[in-house]
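*Asks:* The listed protein sequences derive, respectively, from chains A and B. Counting with numbering that gives the first Met the number 0, you get residues 0 to 653 for the letters of the first sequence. Counting with numbering that gives the first Met the number 0, you get residues 0 to 653 for the letters of the second sequence.
Among the hints, erroneous ones may be present.
[What the hints assert, rightly or not] Straight-line Cα separation of at most 27 Å, BS3-like style, residue types lysine-lysine; simulated pairs:
{"hint": "1", "chain 1": "A", "residue 1": "296", "chain 2": "B", "residue 2": "296"}
{"hint": "2", "chain 1": "B", "residue 1": "523", "chain 2": "A", "residue 2": "613"}
{"hint": "3", "chain 1": "A", "residue 1": "77", "chain 2": "B", "residue 2": "613"}
{"hint": "4", "chain 1": "A", "residue 1": "605", "chain 2": "A", "residue 2": "163"}
{"hint": "5", "chain 1": "B", "residue 1": "27", "chain 2": "A", "residue 2": "605"}
{"hint": "6", "chain 1": "A", "residue 1": "613", "chain 2": "B", "residue 2": "613"}
{"hint": "7", "chain 1": "B", "residue 1": "125", "chain 2": "B", "residue 2": "27"}
{"hint": "8", "chain 1": "B", "residue 1": "167", "chain 2": "B", "residue 2": "523"}
{"hint": "9", "chain 1": "B", "residue 1": "77", "chain 2": "A", "residue 2": "613"}
{"hint": "10", "chain 1": "A", "residue 1": "135", "chain 2": "A", "residue 2": "27"}
{"hint": "11", "chain 1": "A", "residue 1": "568", "chain 2": "B", "residue 2": "77"}
{"hint": "12", "chain 1": "B", "residue 1": "137", "chain 2": "B", "residue 2": "77"}
{"hint": "13", "chain 1": "B", "residue 1": "448", "chain 2": "B", "residue 2": "523"}
{"hint": "14", "chain 1": "A", "residue 1": "27", "chain 2": "A", "residue 2": "151"}
{"hint": "15", "chain 1": "B", "residue 1": "523", "chain 2": "B", "residue 2": "163"}
{"hint": "16", "chain 1": "A", "residue 1": "296", "chain 2": "B", "residue 2": "605"}
{"hint": "17", "chain 1": "B", "residue 1": "296", "chain 2": "A", "residue 2": "613"}
{"hint": "18", "chain 1": "B", "residue 1": "125", "chain 2": "B", "residue 2": "137"}
{"hint": "19", "chain 1": "B", "residue 1": "568", "chain 2": "A", "residue 2": "125"}
I should point out that these hints are in silico values taken from the structure, not numbers from a laboratory.
Given next are the chains, with one letter for each unit.
There are 2 protein chains.
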Amino acid sequence: MQLGLSVSDSDVSSFTPLVVLELADDTKAEAITWLLNRIRDKQQNGAQDDQKPNPNVFVVGSTLQRLLNGAEDVGLFKEFQDGTMRGFTYANRESFKDFNGDGEGFLSDAECQYIIKHELDTLRAKNEEHVPGYPKLKLYPGKSVVRRLQSKGVLIQYFPLHNKEDLKRLSFSWYKKFKLSLQPLDDIRHYFGEGLALYFGFLEYFTFALVPMALIGIPYYLFDWEDYDKYVLFAVFNLVWSTVFLEVWKRCSATLAYGWGTLSRKKAFEEPRAGFHGALGFNPVTGREEPVYPSSKRQLRIYLVSVPFVLLCLYLSFYVMMVYFDMEFWAINIYNENPDIATSILLFVPSIIYAVVIEIMNLLYRFAAEFLTDWENHRLESSFQNHLVLKVLVFNFVNCFASLFYIAFVMQDMVLLRQSLATLLITSQILNQVMEAFLPYWLQRRRNKKVHKRMRRLMGDKELPLLGQVQLETEMNTYLGTFDDYLEQFLLFGYVSLFSCVYPLAAVLVVLNNITEVYSDAFKMCHVFKRPFSEPAMNIGVWQLAFETMSIIAVVTNCALIGLSPQVKAYFPESDTQLILIVVAIEHVLLAFKFILAFVIPDVPKHIQVNLAKLEFDSLEALKKRVSTHLYIESHWGPMFLLWTQTVGIFQRS
Amino acid sequence: MQLGLSVSDSDVSSFTPLVVLELADDTKAEAITWLLNRIRDKQQNGAQDDQKPNPNVFVVGSTLQRLLNGAEDVGLFKEFQDGTMRGFTYANRESFKDFNGDGEGFLSDAECQYIIKHELDTLRAKNEEHVPGYPKLKLYPGKSVVRRLQSKGVLIQYFPLHNKEDLKRLSFSWYKKFKLSLQPLDDIRHYFGEGLALYFGFLEYFTFALVPMALIGIPYYLFDWEDYDKYVLFAVFNLVWSTVFLEVWKRCSATLAYGWGTLSRKKAFEEPRAGFHGALGFNPVTGREEPVYPSSKRQLRIYLVSVPFVLLCLYLSFYVMMVYFDMEFWAINIYNENPDIATSILLFVPSIIYAVVIEIMNLLYRFAAEFLTDWENHRLESSFQNHLVLKVLVFNFVNCFASLFYIAFVMQDMVLLRQSLATLLITSQILNQVMEAFLPYWLQRRRNKKVHKRMRRLMGDKELPLLGQVQLETEMNTYLGTFDDYLEQFLLFGYVSLFSCVYPLAAVLVVLNNITEVYSDAFKMCHVFKRPFSEPAMNIGVWQLAFETMSIIAVVTNCALIGLSPQVKAYFPESDTQLILIVVAIEHVLLAFKFILAFVIPDVPKHIQVNLAKLEFDSLEALKKRVSTHLYIESHWGPMFLLWTQTVGIFQRS
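Chain A on its own, in the form it takes in the complex:
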């Protein structure tokens, strides 16, 4: 690895390092020169420059002018003078609220890094046949260069740099002061982007929403209220809570997203995923040239490969469940033959083993699902995410809850259900906290020490803060997105909403878990992982639907559990029929009520609806005007796109 810094193409004094590119150690010099030239100027491709030695880590920055133009291109929404959120345009920059002077500080770090990422991702091959120096690394027009280099191991990674000062300020206000307060969501958003801020917002909201249920659950558990009259009340409360909870969250999320300017961003204009490949064609919507892949082929891959694979995994999961029940019976037999302390502890062993196996299976399946979904070649990141989430959710739901459903409705053994639920919940919480935060943190500390030692050996005591930082962060783990965090919350929501009427302490456990989760997640974002690229999310996406589906399943499950309870059965000694009919009727009424409630509560608060309608109105009025100056704009449109990709500054170690 070669060290040292040289600056090219940029005024050093004004340079802010934003994104790091790491290439493989043995990358050919001509490939590097080619790539750097392409990044410097997408238009003027292929000019080679052999005089520099072979560095492998680059820091990319950009001029302000170019970032502002980039903000327009990615369709960033910022606050306008009149308080509404509008798409930023360079021409109209003076009319935006926080734009002063040349626009210094107008874009947050996260936004700048997002713009540069977008730039890099859309760097596409044109008429090069292969990567210079690598005759086997074929390119064809429209192929994403960065992704190609990445998939072939030439480009190892690219990631945004932390900003030490901002990070210190953020981590202080986020988790270092030990007084109860809300999370600084706006600061999180500024530093990590909207996607992550929405996750933390949801985590906080979910935890607060669970507090009343936890408060009710504690006396139920402590005083061992086996009175199922009260359980019915608890279940009904549970149902209304889960509906209102999700509906109100939609409104909160819309308010947050509007304030962050992501609510109005349109899905249809998403650039294709960096990994999306296909023959070069024309996007029917924008009319621009980009890869096209027939959706019939994708459907074939989904139905002929992915679906059978998921079914196979589900079968496997059921098989493991049956093994667990065998173990359970075996343990109970041993206990019955010789009941002492040792064997009573043995009773919990099968559940704990099963919980660990479930976690391992979930993990393995997760990788397989990601591979398959990538292979399905979805055009948009959102569509990729939807298919991945669907695959993972179906499996995780079955894997985690199948045994509980089996115990509840086939074996009808409420004692075992309670014990099994408690063991699964507690084991998976402990495992999660360890795997998610403590293990990576421990690994990271070991790595940090090694890096420091090596740096000191190489450079003596010279102060090279940027170089050291880049070196440290390059070796940090990569944060794989909010997916796993949401998944964990989804499963916790499942435990609470499906079976909490049998084990009311579940809500308490989840609240405790989530309070530590906020701190450990905050800590891992700030110090364990590389800074992630910001992701402009307008809501929690497919997870909203997932939580809603869970809450519908919860209605059915809770009603069935109530119907099964011996105390309720005692009210109808002569006939089961009447009991079942009443339970079914109540269930239908609850479901109908749920749908009506979801229908009546508007998803977006009134004042935001008005602002959105205003934007749309202006946009249509503008279209009317524009069509009249149609030809004029058409002829000036092309060159406009060519102007702004010219001045990304590049720092280069040599």
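Start from chain A and add chain B according to the hints.
*Replies:* Frame of chain A; chain B shown alone:
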């Protein structure tokens, strides 16, 4: 009534009469002059003109130029050169597909009339304190002048004129040729507008969709297949059918509406209803001045008056139902005491009387609901319609089906259910056809003869085709919108989907009814009623939701009916419990399947989605451009609105 024609403000040769305004016979001359001046030029208000005598029927036409500008203002979408649908703008008129020369024939009659209606409806009082000549008829700024005059009986009505030639052509291709063919939906749309064309499209689609069910139903009925195995098949087919039917209709409707340019029209920019009143304020979306009414007041009116009223009516309906059952038992008792032909006919009498009473109650309730909804003072026509439909649907559903549900699930008497269903269905069909078409037609013919006689007496044999036509049409009945027609289809859909597994012939009866319905509706539109104003509908609106709700209720009902049937019960001789559990499980699976199906089938066909996304993309790009020329447009926008309301030609009988 004074007769004779005089032409003012317009070049006679190019004048096409479009809309008729009828004022009360004794209207004060100064009020007429004032109104005419206001219509001629909204801007130059109040110039009085006393020299003319007092006519009471006016024909309004317009210059082409002004209609084209009006088309832009109402946001008409027309086909662009590239085949997409775009908002029409006068400045860009040459780029639209069928625009030739000065634009003659570019707008259909129905569109022109719609534009003039919009003009008249938005004629608002400014600084006049009262209508000239009527000191008690107070006006305040923002109040719709036309609606004010109408509610006080000064303006009796205004309606679009028929176009004799087009009507002859349309009625020939629609219902006069006696060969099987699809309805000429595009012609209907051109003549009557999108709302009505969508209704006829839906009617046709619904009828075709029922044909398979009718074909299956006939052998069931003829061979008296009491085999409930097959009934279960029939019920399952029914359920899948009702879901697919509604989903596919959404796509058809989107295709039709896109082709007609109504799919992209935005709801938020609807002008307030002509009847909407409130203090003058600013619309937060458009920033224009218009009446504002606090929604809290509206909520109070809804919850404190409307809801209790509806509940009272429901109670009344149940009461009537109980009286019907008393009558039914009384008839059965008489038959049992003395079974002969007379008493066996008597068996049907209670059902027939009840069916008639139901129709009468529906009719009365309809008027009350309309009055209440009007009083709730909704800002948008669409919101008014939604509340009206909700009120009427809840009552009609209960009123029509309560007795059937009672017979099916409380009395569990399938023979009575079948008899009652058949009687209700047939009686209501006959009553509907008579009330809807034959009665108005008969009244109309009598009226026509009278008018002809009077005209001949007044004018001798002079040919005055326009005058005669206006006179005739003024006295025709007014078509009150598609509401009642949809309601009828909704109830028929209910009979078919809820109980057809008990009475499979229902589908056959509905198909037969709908075939005659197409002809009688077509006939009544062309010859019985005044031409209605066109209504730019993008779908069947709240009716889609109503039909979907009905199809969900149908799943529950059908499953319950299957569970109740003695043949199915025979499979589970030892325990009802198992049967009920299986039925409930099947019901849940069906409902889940239904929701997944509704979720998986996209509402709008792919190619139309692409076109819509394209329009939106262009519109956002245009907005970006526009914001940069913001100030320029702002300063030219005001006068633009003022320009185009100046040249409506007015014909006036004097």
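*Asks:* Verify the proposed pairing of residue 27(B) with residue 605(A), using a straight-line Cα cut of 27 Å.
*Replies:* violated, 46 Å
*Asks:* Please work out if residue 167(B) and residue 523(B) have their alpha carbons no farther apart than 27 Å.
*Replies:* holds, 14 Å
*Asks:* Hinted pair, alpha-carbon criterion (27 Å max): residue 27(A), residue 151(A). Please report holds or violated.
*Replies:* holds, 13 Å
*Asks:* Would the hint linking residue 137(B) and residue 77(B) be met if the CA-CA limit is 27 Å?
*Replies:* violated, 40 Å
*Asks:* Mind checking the alpha carbons of residue 296(B) and residue 613(A) for me, to see if they're no more than 27 Å apart?
*Replies:* holds, 24 Å
*Asks:* Verify the proposed pairing of residue 605(A) with residue 163(A), using a straight-line Cα cut of 27 Å.
*Replies:* violated, 40 Å
*Asks:* For the pair supplied as a hint, residue 296(A) and residue 296(B), is the alpha-carbon distance within the 27 Å limit?
*Replies:* It is violated: about 56 Å lies between the C-alpha atoms, which goes past 27 Å.
*Asks:* Between residue 296(A) and residue 605(B), does the CA-CA distance stay at or below 27 Å?
*Replies:* Holds: residue 296(A) and residue 605(B) sit about 16 Å apart, inside 27 Å.
*Asks:* Mind checking the alpha carbons of residue 448(B) and residue 523(B) for me, to see if they're no more than 27 Å apart?
*Replies:* Holds, at roughly 18 Å.
*Asks:* Holds or violated: residue 568(A) and residue 77(B), Cα atoms, limit 27 Å.
*Replies:* violated, 66 Å
*Asks:* Quickly compare the C-alpha distance for residue 613(A) and residue 613(B) to 27 Å and report which way the hint goes.
*Replies:* holds, 20 Å
*Asks:* If you draw a straight line from the CA of residue 77(B) to the CA of residue 613(A), is it 27 Å or shorter?
*Replies:* Holds, at about 23 Å.
The structure fails to meet hints 1, 2, 4, 5, 11, 12, 19 from the earlier list, while all remaining hints are met.
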